[in-house]
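Sequences listed follow chains A and B, in order. Its first residue numbered 14, the first sequence is counted upward by one per residue in my numbering. Its first residue numbered 20, the second sequence is counted upward by one per residue in my numbering.
No wet-lab data here; the hints were simulated from the structure. Treat the hints with caution; some may be incorrect.
Computed cross-link-like contacts, BS3-like style, restricted to lysine-lysine with a CA-CA straight-line distance of at most 30 Å [what the hints assert, rightly or not]:
hint, chain 1, residue 1, chain 2, residue 2
1, B, Lys-82, B, Lys-114
2, B, Lys-118, B, Lys-35
3, A, Lys-68, B, Lys-82
4, A, Lys-258, A, Lys-68
5, B, Lys-112, A, Lys-20
6, B, Lys-88, A, Lys-20
7, B, Lys-54, A, Lys-20
8, B, Lys-78, A, Lys-20
9, B, Lys-35, A, Lys-20
10, B, Lys-82, A, Lys-20
11, A, Lys-76, B, Lys-82
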Amino acid sequence: MTLAAQKISAEALADMLEMFAVQPWLQTLHAEMAELWSLCQSREEQILLKTLLSKFYILDSAKEHAACRGIAEKIIEWGLVHTDTWIVATANREEIDGSTAGLQKLKNKMQPIESWHARMISNIPAAVDKIKSGDNVLLFDDFIGSGGKMITKKEWLIRLLVKEGVVGNKFFYVGFTGMRFGVEHIKAATGESVFVHHALLKGISESYPAVEAAGMKSLMLQLESRLGKTYRNKKLVDYSLGYGKSEALYCGQNDNCPNNVFPILWWPTRGDGGYGKTVLVRAG
Amino acid sequence: MVMVVTVKLFLFVRDKMDESLRISMGECINVLSDKEWHEAYELHARYNLSALEIFNTLKILLKLGLLEKVGTKIRLVPLLTNYHMTLMNRLQKTKRPQKLDLYVPRYLTRRKNSV
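Let the hints inform the model, and build the full structure from the sequences given.
Next comes the structure, spelled out in structure tokens:
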């Protein structure tokens with residue numbers, strides 16, 4: 014029994030009872046929720062957090078499985094075959110990354126399994142040795158946020174391939190989940206095909222009328238002002254409303270929180286210089 | 020059919036619920052035993068029960084048909100049958116905390132403990 018359960022207000026308790034029913038994954042995070050609620054200085058801020066958390070999208074194993082099947086079907090629809098196609102995770106060589114973990118989930122969903130398995134590569138540098146001129150390349154990430162990472166990684170891969178004399182490759186981009194604006198950004202920047210099985214809207218800007226959204230963003234910025242300005246070498250200002258102003262309300266179950274998520278949910282430092290418990294955890 | 024499900028749930032709750040939930044359940048039934056409406060917050064304010072403990076307790080009492088809930092107000096169902104009373108008695112039954120199983124008392128007859 015938690016004899017010393019942090020005292021919370023009646024409204025906060027009512028919010029939590031409501032949230033636990035809507036988002037069961039929060040049940041194990043009641044202490045973190047209590048701390049988040051106590052960071053608020055007005056009821057409006059608490060209501061904002063409740064509203065956003067109610068819409069939060071957790072990629073559980075069922076949704077992940079559906080996404081794998083969706084990607085497999087899309088690859089067939091694009092007419093890609095394993096003989097001249099490579100699926101490359103967007104990881105760097107020595108990085109532990111969501112793209113590599115996601116590829117592991119995808120590898121036994123593609124038919125024929127053994128043939129596709131041999132065509133999956135865990136990071137960009139390793140792909141350079143295998144891709145030949147004219148091959149199709151599917152860049153894969155578990156989550157596509159602003160889309161910037163995909164574009165950067167593609168440009169890096171092309172530079173490495175050109176050095177090896179490999180040219181004329183066709184690129185595709187896939188992810189389990191992604192922000193709709195990020196997907197559009199990749200399409201606009203590259204003119205190539207992009208597919209995410211679950212496309213998400215920005216948590217505030219794309220989900221509410223402009224006037225209401227402006228008020229909500231202002232409240233969120235007030236909340237962010239109570240966070241520490243820096244954490245390790247990172248500046249909060251770069252992650253305000255989520256990296257690239259993504260306003261993401263997404264995390265994979267038992268996974269690392271993307272930096273596109275509102276930092277109020279994962280930024281660990283506080284304005285007073287201390288550290289706080291966070292609802293989501295991000296490493297890196 | 021409903022009765023079978025309820026009994027199964029009750030057996031699960033009785034045998035599997037952890038100490039924190041058992042204590043929370045006891046305090047909740049204790050508060051509600053006057054059959055009046057109460058704010059769920061009272062459980063937090065009076066007994067320091069966490070939001071999760073209150074949530075789990077209310078969920079089980081609702082499923083067992085022992086509780087009425089309107090917003091954040093709760094009370095026991097007005098017409099308590101013998102069946103309801105049996106359920107409540109069983110749910111309030113205390114159990115020896117498991118952590119005591121790890122405790123081995125020193126013998127009072129040993130010389131260094133003697134008076």
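Going down the list of hints, with the structure as the test:
The straight-line distance between the Cα atoms of Lys-82(B) and Lys-114(B) is roughly 22 Å, inside the 30 Å bound, and the hint therefore holds. Between Lys-118(B) and Lys-35(B), the direct Cα distance comes to roughly 16 Å. Compliance with the 30 Å bound is thereby established for this hinted pair. Pair hint Lys-68(A) plus Lys-82(B) holds up; C-alpha atoms about 26 Å apart against a cutoff of 30 Å. Among the hinted pairs, Lys-258(A) with Lys-68(A) is consistent with the structure: their alpha-carbon atoms are about 18 Å apart, no more than 30 Å.
Between Lys-112(B) and Lys-20(A) the CA atoms are separated by roughly 28 Å; this keeps the pair inside 30 Å, and the hint holds. In summary, the hint linking Lys-88(B) to Lys-20(A) is supported, as the alpha carbons are separated by about 23 Å, within the 30 Å threshold. With a CA separation close to 26 Å, the supplied pair Lys-54(B) and Lys-20(A) stays within the 30 Å bound. Our distance criterion of 30 Å between C-alpha atoms is met by Lys-78(B) and Lys-20(A), whose separation comes to about 21 Å.
Of the supplied pair hints, the one linking Lys-35(B) and Lys-20(A) holds, its CA atoms being roughly 28 Å apart against a limit of 30 Å. Between Lys-82(B) and Lys-20(A) the CA atoms are separated by roughly 27 Å; this keeps the pair inside 30 Å, and the hint holds. With a C-alpha separation of about 28 Å, the suggested pairing of Lys-76(A) with Lys-82(B) holds against the 30 Å cut-off.
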